[in-house]
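Using the sequences and the hints given, assemble the complete structure.
There are 2 protein chains.
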Amino acid sequence: MATTVWQIPKASVKNLNKHAALDLIRFAPGGISRIELSRQIGLTRAAVTSIVGDLIEARLVREANGQHSGGRKPINLEINPDFGRVLGIDIGSTHVTVVLANGLAQVLNEVNAPLDITQGPEICLPQVVQVINTWLPNTGTGLSEILAAAVDVPGPVVSDAGKVGAPPIMPGWDNFPIRDWLEERLGCPVSLGNDAEFGALGEWAFGAGRGEKNLAYIKVGTGVGAGLLLDGQIYRGTTGSAGEIGHITLVEDGPICTCGNHGCLEALAGGRSLALRAREGISKGRRTSLAEIWPANSIIAKDVIAAARRGDLFCQQLVIDSGYHLGTAIASLVNLINPDIVVIGGGVAQLGDLLLDPIRQTVKQRSLKVSWQAVRISAAILGRRSSAMGAVVQALSMSLHQIAQV
Amino acid sequence: MATTVWQIPKASVKNLNKHAALDLIRFAPGGISRIELSRQIGLTRAAVTSIVGDLIEARLVREANGQHSGGRKPINLEINPDFGRVLGIDIGSTHVTVVLANGLAQVLNEVNAPLDITQGPEICLPQVVQVINTWLPNTGTGLSEILAAAVDVPGPVVSDAGKVGAPPIMPGWDNFPIRDWLEERLGCPVSLGNDAEFGALGEWAFGAGRGEKNLAYIKVGTGVGAGLLLDGQIYRGTTGSAGEIGHITLVEDGPICTCGNHGCLEALAGGRSLALRAREGISKGRRTSLAEIWPANSIIAKDVIAAARRGDLFCQQLVIDSGYHLGTAIASLVNLINPDIVVIGGGVAQLGDLLLDPIRQTVKQRSLKVSWQAVRISAAILGRRSSAMGAVVQALSMSLHQIAQV
DNA sequence: TAAACAATGTCAAGTGAATTAACATATTTG
DNA sequence: CAAATATGTTAATTCACTTGACATTGTTTA
Chain A
5 MATTVWQIPK ASVKNLNKHA ALDLIRFAPG GISRIELSRQ IGLTRAAVTS IVGDLIEARL
65 VREANGQHSG GRKPINLEIN PDFGRVLGID IGSTHVTVVL ANGLAQVLNE VNAPLDITQG
125 PEICLPQVVQ VINTWLPNTG TGLSEILAAA VDVPGPVVSD AGKVGAPPIM PGWDNFPIRD
185 WLEERLGCPV SLGNDAEFGA LGEWAFGAGR GEKNLAYIKV GTGVGAGLLL DGQIYRGTTG
245 SAGEIGHITL VEDGPICTCG NHGCLEALAG GRSLALRARE GISKGRRTSL AEIWPANSII
305 AKDVIAAARR GDLFCQQLVI DSGYHLGTAI ASLVNLINPD IVVIGGGVAQ LGDLLLDPIR
365 QTVKQRSLKV SWQAVRISAA ILGRRSSAMG AVVQALSMSL HQIAQV
Chain B
5 MATTVWQIPK ASVKNLNKHA ALDLIRFAPG GISRIELSRQ IGLTRAAVTS IVGDLIEARL
65 VREANGQHSG GRKPINLEIN PDFGRVLGID IGSTHVTVVL ANGLAQVLNE VNAPLDITQG
125 PEICLPQVVQ VINTWLPNTG TGLSEILAAA VDVPGPVVSD AGKVGAPPIM PGWDNFPIRD
185 WLEERLGCPV SLGNDAEFGA LGEWAFGAGR GEKNLAYIKV GTGVGAGLLL DGQIYRGTTG
245 SAGEIGHITL VEDGPICTCG NHGCLEALAG GRSLALRARE GISKGRRTSL AEIWPANSII
305 AKDVIAAARR GDLFCQQLVI DSGYHLGTAI ASLVNLINPD IVVIGGGVAQ LGDLLLDPIR
365 QTVKQRSLKV SWQAVRISAA ILGRRSSAMG AVVQALSMSL HQIAQV
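Chains as they are written, first to last, in our numbering: chain A, 5 to 410; chain B, 5 to 410.
Watch out, some of these pointers could steer you wrong.
FRET-style restraints, in silico, Cβ to Cβ [claimed, not checked]:
| no. | chain 1 | residue 1 | chain 2 | residue 2 | range |
| --- | --- | --- | --- | --- | --- |
| 1 | A | Glu114 | B | Ile407 | 54 to 60 Å |
| 2 | A | Ile407 | B | Pro33 | 36 to 42 Å |
| 3 | B | Arg76 | A | Pro130 | 42 to 48 Å |
| 4 | A | Arg290 | B | Arg291 | 49 to 55 Å |
| 5 | A | Glu149 | B | Gly215 | 41 to 47 Å |
| 6 | B | Asp325 | A | Glu114 | 50 to 56 Å |
| 7 | B | Trp298 | A | Gln321 | 22 to 28 Å |
| 8 | A | Lys288 | B | Gly176 | 53 to 59 Å |
| 9 | B | Ala300 | A | Lys368 | 36 to 42 Å |
Don't read these hints as lab results, they were simulated from the structure.
Where is the CB? At the ideal position from N, CA and C, for every residue including glycine.
This is the structure:
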């Protein structure tokens, strides 16, 4: 099993084993004992006793109960939920979700608010802070109690700089110092990431791909993007734009995409395309419950998904078509990446096998046997919250490892 | 810069810094000083002095001369070329190449021999050993002087087991204990890898992608495969079949491929396809110097490449067509992986820009701006020897780090 | 040319995270 | 209840690394 997500900073190579132990404790479902730690890290029991002693003294870890067999009952260790609280902030193209979590990454409270990302950072970010400032006191938590926060946005991120690259969906955000701006207003360390990347992290830590070594999370929202977790580490690529599966060309002269090209996956299977195809169908007189909506061009992807769920055959077919296109692109990904699991997230993933079956079928047909036999294709377990939970994981990584530093 | 290729075994986490220093010395072009090591590893000068002292005492490293500026001249360090010799063995579908190298990975001697991989391991492997046994004594090196060897084969490898997965081009090799068999006959540790994977390693260490963090090596031979080096580490995927770019579907109802599907990249742009398209053109009466060859179905990819080189316009067009198909698949790879560099290797890569320009053009057209702007697309510098050199790097990794262990 | 400066490299004492080897504790089993 | 088994702790020791002083080797300046 992969052990670390946290990129260990150079200054702490010294305490490598302490950080390794901390991550093993964090991500072990149901806790882990000292002896199991010693086996996995490769240290002696004595060394682990000493390391765990430090972690308990720092109030990061506590002892709990677990099961056993044979001799003496092992003492289970888990993160101390009261060591502190963090925020996970998921900024989408039309909304923001903020999650308050404790040390165990348990969600204590949550808030949603609409947002229009095209309005740029000067409008959006103050809105986000405003939402937090009015909501947080009601949860019984002061802003000063927050140890760290992580934010994700739907575009490629230059993570060292805390800015976004050149996102087509985020006009005006280019070069704005998102992380620094938020750190100042929230008064705590902030980490900036990509939504699909954090989705991958969330599903890896607490979702469908728990503990897998190689995971791809496909976020099918307004756009389509992938977050990659390879050999147990988030993979960002050279300029932070790895995983841009949405702009793979599938159909030579297909419909035009927001990126300027034709026939991109996003233009064939994304939320925008789903709505568009629904409207086209209606104008051609296809039989569907959506025909009642007026004006027809107010139909959005959410409507199509809801109708498909209710049993609307036309909308179900639209979803299935999306599945085949997604499957084609995912087959390429499976051939190239050879992952353990592909997790499908975003709105349409709620439809489960209706979407997944055509994906699975296409992947089986279009990728190498060794690769498709090894891969599971599942819907996101954390659903709408995959990315926010990934942000929580990231925020906890920051504060846990920072405190463990000394 | 990426520092390690060698996957550090658990037992040596203790000497982490010693291994880090060794790799920095190995891959620093023109040597590296103690002070530079201390900066890059993050240790004090005193600690580096001690570590380097150990390495010199073990005869792995020696002092050499370099340039300076300012105060005292730094003493450059390099691997001691005489610490030992290794073999790099590249098994292709029709040939085997064996390279003898010293500690600095300098090629001392080389041998080529034909081979038919479809004859299975019981025929091929004894042939390989036979080639080595007759050639090696002439180089002034006894088999007993070889510290380690690395072998690559053109199929997915289960590297822990030292066997191949389920390669379509390698019937009969499935489950044969290639590594163990060779270790016994050669009397030294052997590492088994995939040809594209070792090609990536070779070009990363001494070729076109020297020291890059994220590199993809595309081997265009009889088949088409990619080796991936991500975040400075070889990436193999879950079952060792990552990088199978050759079986990405490009054309829905395209020509049939060896894998059973239709329209795979390999069936459109691989060596087999190149020869096939040449024969088809001839039978249609196209004007080409290849028409002289008789019978027409004896034409192979090598002939087409040679003709294109001589200026045969028909053959050049075939190569350009291959370039566009390769470009389409590489555009997907660039979108997904966002690499620093894509290195094109194999026979056709000798043609340089004739092949690369259509690739570059297609990638520019079909991938995201942030990604194609960041990526270089180059031909392999090591040419035919990319994989064999990667094998040398791997073999040296084994012996250097094993000796440094204690 | 000598003195000052600058950078690299080494040495010796001290620190702390690990190992080793013995012991303590808790739970199941005969 | 004793024996067996597994987990966890303790104290002495080891060794990689830091600290701070010093040595070496080069350039620059008075």
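Status of the hints after comparison with the structure:
{"no.": "1", "hint": "Glu114(A) with Ile407(B): 54 to 60 Å", "verdict": "56 Å, holds"}
{"no.": "2", "hint": "Ile407(A) with Pro33(B): 36 to 42 Å", "verdict": "41 Å, holds"}
{"no.": "3", "hint": "Arg76(B) with Pro130(A): 42 to 48 Å", "verdict": "55 Å, violated"}
{"no.": "4", "hint": "Arg290(A) with Arg291(B): 49 to 55 Å", "verdict": "52 Å, holds"}
{"no.": "5", "hint": "Glu149(A) with Gly215(B): 41 to 47 Å", "verdict": "45 Å, holds"}
{"no.": "6", "hint": "Asp325(B) with Glu114(A): 50 to 56 Å", "verdict": "54 Å, holds"}
{"no.": "7", "hint": "Trp298(B) with Gln321(A): 22 to 28 Å", "verdict": "55 Å, violated"}
{"no.": "8", "hint": "Lys288(A) with Gly176(B): 53 to 59 Å", "verdict": "55 Å, holds"}
{"no.": "9", "hint": "Ala300(B) with Lys368(A): 36 to 42 Å", "verdict": "38 Å, holds"}
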